[in-house]
Amino acid sequence: MERGTAVALLHEDRLFPAEEGTRAIARRLYDGIRSLPIVSPHGHTQAGWFARNQPFPDPVALFVQPDHYVFRMLYSQGISLEELEIGRPRIAEPRRVWRLFASHYYLFRGTPTRLWLDFAFQELFGLTERLSEATADGYYDTIAAKLATAEFLPRALFDRFGIEVLATTDSPLDSLADHALLRESACSGGWAGRILPTFRPDPAVDPAFDGFAANVTALSALTGEDTATWKGYLRALAARRHYFKTLGATATDHGHPTAQTADLSELEAAQLFEAVVNGTAGAAQQELFRAQMLTEMARMSLEDGLVMQIHPGSVRNHNAQIFARYGRDMGADIPAPTGYVEALRPLLNRFGNERALTVILFTLDETAYSRELAPLAGHYPCLKLGPPWWFFDSPEGMTRFREQVTETAGFYNTVGFNDDTRAFLSIPARHDVARRMDAGFLARLVAEHRIDEGEAVELSRELTYGLVREAYKL
Amino acid sequence: MERGTAVALLHEDRLFPAEEGTRAIARRLYDGIRSLPIVSPHGHTQAGWFARNQPFPDPVALFVQPDHYVFRMLYSQGISLEELEIGRPRIAEPRRVWRLFASHYYLFRGTPTRLWLDFAFQELFGLTERLSEATADGYYDTIAAKLATAEFLPRALFDRFGIEVLATTDSPLDSLADHALLRESACSGGWAGRILPTFRPDPAVDPAFDGFAANVTALSALTGEDTATWKGYLRALAARRHYFKTLGATATDHGHPTAQTADLSELEAAQLFEAVVNGTAGAAQQELFRAQMLTEMARMSLEDGLVMQIHPGSVRNHNAQIFARYGRDMGADIPAPTGYVEALRPLLNRFGNERALTVILFTLDETAYSRELAPLAGHYPCLKLGPPWWFFDSPEGMTRFREQVTETAGFYNTVGFNDDTRAFLSIPARHDVARRMDAGFLARLVAEHRIDEGEAVELSRELTYGLVREAYKL
Amino acid sequence: MERGTAVALLHEDRLFPAEEGTRAIARRLYDGIRSLPIVSPHGHTQAGWFARNQPFPDPVALFVQPDHYVFRMLYSQGISLEELEIGRPRIAEPRRVWRLFASHYYLFRGTPTRLWLDFAFQELFGLTERLSEATADGYYDTIAAKLATAEFLPRALFDRFGIEVLATTDSPLDSLADHALLRESACSGGWAGRILPTFRPDPAVDPAFDGFAANVTALSALTGEDTATWKGYLRALAARRHYFKTLGATATDHGHPTAQTADLSELEAAQLFEAVVNGTAGAAQQELFRAQMLTEMARMSLEDGLVMQIHPGSVRNHNAQIFARYGRDMGADIPAPTGYVEALRPLLNRFGNERALTVILFTLDETAYSRELAPLAGHYPCLKLGPPWWFFDSPEGMTRFREQVTETAGFYNTVGFNDDTRAFLSIPARHDVARRMDAGFLARLVAEHRIDEGEAVELSRELTYGLVREAYKL
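Protein chains in written order, with my numbering: chain A, 1 to 474; chain B, 1 to 474; chain C, 1 to 474.
So that you can see chain A by itself, here it is in the shape it has in the complex (with noise of 0.2 Å):
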């Protein structure tokens, strides 16, 4: 990584408090950190690109087209999906898309995608003059020409960057041929980067999800397990956690639209499920359901020492039409208010006080954080705190975190940092705003002698690097 060496796009104290002894004190706990391996536990970056190495083809698509974060909100100031050519295979006209963008880059001022992008146009491709319409085709050029060298093939940036560990997330019935591959080139004395699937069971755990059934029926090719039976479903599942084991995978994740959790007895959930198989079950069936599997999952995490993490809250595919023409994850995903004590009563009564379970929660509701998660998470052994997810992975959100969550949860029941992303190049710029972010705040405890400096030393390594590798078991 190329630190320092201009400074028209980001600046060396940035995101650090203005106050100048609390700035000093982050500065110094920032030095410690900054070049401190990645840790990536939970991300949505392709195996397959690392696999293949192949160069990623031209600015738009490696900048616009995967991150709904860009064209969300230039959707919602009136540009078209159609202008952005977003969801075709290949972009017929990027020079012209790049400028669409680069003409409304003003819009993201105060949003984390413009740190993130910053980030990257100046440490990785040497830009200093901010993004425009003017700037727009010298942007083009320069991106378009550092991609076709050896130094931007996936690999070299991921050596580059620093990565220690990457996860990506998975569907159950992925075959994780490209981790495969990944695993025996570096058995073989190849690329050695560190990169591990993630087990997301929601295609054949959330009867909601499109092709619910087939998935369940999928499972069974795969498994040899009779997953017409409840018995043979759990026992398919088992055996594809196993089998993302054996390629590294030390973690699941299940993104559910609540928190809730169930523990029925073996007849009613062999009865639930044979009826949300069949596609008789209601949407409280339904839900029910995957409050049932929730605890299934936690069961066999105690089994096989998966660490769970759960990401509730969210209201998938909210615009119909833009669903209906461009399927899911096109930034119409939006938040819902989403309770925790109740709805994790049942698995917490079950498995609770298992000290070697290890449940991360995440919230996109901000008013569970003081009010329940820091709670539960000062409370329960199995329980831990995923760091500020999706809209409130920003300075604000981190902020808003580490205040309404220390003071009853304390640091050591966080996890570290996530950057979830799907856009590589983020991955960096991310982490560093994280790590800054935690100095800081860090700082502010420091200036207000809450806690001493050598302290907070201690403290800024175990949020960047000591406490995502214990809780992820990495």
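Rather than coming from a laboratory, the hints here were simulated on the basis of the structure. Where is the CB? At the ideal position from N, CA and C, for every residue including glycine. Worth double-checking, as some hints may not be accurate.
Unchecked claim - Simulated restraints, written as ranges between beta carbons of each label pair:
hint, chain 1, residue 1, chain 2, residue 2, range
1, A, E274, B, A275, 41 to 47 Å
2, C, E20, A, A145, 45 to 51 Å
3, C, E20, A, P37, 35 to 41 Å
4, B, D141, C, D159, 50 to 56 Å
5, A, A186, C, R96, 42 to 48 Å
6, A, G138, B, W191, 52 to 58 Å
7, C, G211, A, E274, 42 to 48 Å
With chain A's structure known, arrange chains B and C on it following the hints.
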């Protein structure tokens, strides 16, 4: 506006962040916007004041009686509305009431009311010693004397405040006679202050409104449409919207208990309409009718171009005794939890992707800022976010709004400031607070190197003057 | 209190804002209030400590065992309650437990528990090196030795802390024998520490309370009233309230799951009472009964003048295994979303406008501060807002409270600080934190020219000493 002539009540640096470097930036930003014209697109002043241009009667009628922020605080501390002569057509003992107010002025420490009042006291009346029991009579005499002068007539104040445009809020049954008079005056070379009506149809679209059925009937008389039928009723509303437009209206306003919308078939809607006008509809049907009417209003906005404002979430007239004795708007409206994600879905599924539609959302439930409103406005082309409303039209309220909204929705999905006031003299004070708070917020972003100062200069003008004119089509 | 004698654990400027000008103001404000007497109107210390004046047994019994803030954090990080000897009548290996605690003391970084403990360690025991595995034994010996001295007897500490008045929280069935002893002692020229009971009727008004029916019967034995009838039951409660008043009580306290109130007819109430005492009432009827009892308590408060405190919103005993094994108050009470606007309406419609009634509201759902509590308290004469409670009795919690409440409710609808503690030695520490945070908050308002420093001086005294005495009638 006399500025800076005295220092006792108002400090030149008030509301700016204390940190010296940040404050210096805030000062520079504020200096660039402090004298921009006032655009007031939403409020509750009366067109009649300007049409008739009569002097305001006395200090109590000006500062105490119309301002529920003032008397609700006094009431909460044990002063009866009788003692304050609230609700009387003519105040019997204005000096006694003024003294009562003055001797309790300390109660307003830390509130925005105090900021607004001090601004008016000093900037308009030249008073520089704090209002208290000791200064009560001096204040009274000074204010009363000035109110009798030509400089304090409504039109003179309007001009002195630098108001470019001022919108009132009006019943669909209102003849708008005062607006018509003002328009004639302007056209015939008389006073040219630009004062526009806003179409607020609640009395005729909310079945729970006092006299709803009679209001629907009155619509018929005003428009010649048969409002006993669903179609005629809709035509009558469209006709009134058109009439408002002829007098300059650019917006509608909707003060529903919730943000619920609906998208019924024409038959269902017609049957529901019959139930609500016949008075046979229960609470759930009344709510459904209001919900349907928001969607109908959006449809009409798409046709006639009126900007749509939705102000949901106030539990009106919470205090039954006060309501029974004094009626509406007596400081006893209390916010309630308000959801937007599911509530707005029917309207958004129908019109959410229309770039020609503008729907401005407000909230009294700040938890919606980061969880629902910013994500929605950062995606849907028709949505914009109104400024912090009512209790949150305050320094801390504005800070929370910017901190919780900007990172997801950006600045350009917001619409500048609303003063939303019944207290005419508070208008420059309120806009001044907003300008200072925006300058301070932007200054922090600059000091933390999150945006450049040049960008902040541009943004400060947009937040003060550009965005409001564009969003409200002024 | 020894102040400023050491600097290792506590910095003189701790908790003040870092910005130099603001900090200087905070220091001046704090200097004016740091030595004011402690008024503690709500807490959970035991009158018996002072009645018997026996030494506290050992460091673990003093600092670890009674403090669920301490052991919940240790438990959340995998230390079992067995290892901590929680729940044992006598600690078998206090030094071993102390070492366990000491070696995990780093977990409390960033929490208020750490602030309180460090205060006690330094200010009371003269310890100035941080507690850790290395210093564990030195701490143990020092504390144990001092606890054996006359200076560390409960009454001596009470006097040394500068406590003017201390309220306990007591069952309506409590004989208050210890309070009676203390009162006799004072009247006969003995120790004169002012310790008052508080009437907490939950065991006899909440049908979900363990032993509710037996408690109602016990009320009869204590009062001679026939508590098998609704009227007799109410008379019995009134009699107990009267008895508490004779021993100095000025307040009641109500820890219901929600803030729901009701205003049933006498017949309905009598029938409901019959159902709950007979055990035939379901959950909804039990909730309705609690709701009705809040209104009954308000009625009695209007008669006997006792100030009413409502502490709603805690889901008690969330951890079923811990509850089954250890019982109540084991750190597993978790907050839940709590509504006030509709919940309080029945009580407020009945008594909300009574100036002679004082109802102090608390919350564990901070979203209610700006949305519901401040608007309600800023209108209803009977309502006041209690300080941030439990998990929010913390620097960030206090900041959020002031920032979210003050602009709408002002300072004068709040009631100063509650320490609400079972940990006697934390009382001066907790009040010190509150004084520092209030000084810092007021200093910011002064630095931002929102109030004058003279006003801040006055307010700082009110927030520390004046408002609590007035609100609680002390």
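Right, here's what the structure says about each hint:
no.	hint	in the structure
1	A:E274 - B:A275: 41 to 47 Å	holds (42 Å)
2	C:E20 - A:A145: 45 to 51 Å	holds (50 Å)
3	C:E20 - A:P37: 35 to 41 Å	holds (38 Å)
4	B:D141 - C:D159: 50 to 56 Å	holds (54 Å)
5	A:A186 - C:R96: 42 to 48 Å	holds (47 Å)
6	A:G138 - B:W191: 52 to 58 Å	holds (54 Å)
7	C:G211 - A:E274: 42 to 48 Å	holds (44 Å)
The earlier numbered hints are all upheld by this structure, with none contradicted.
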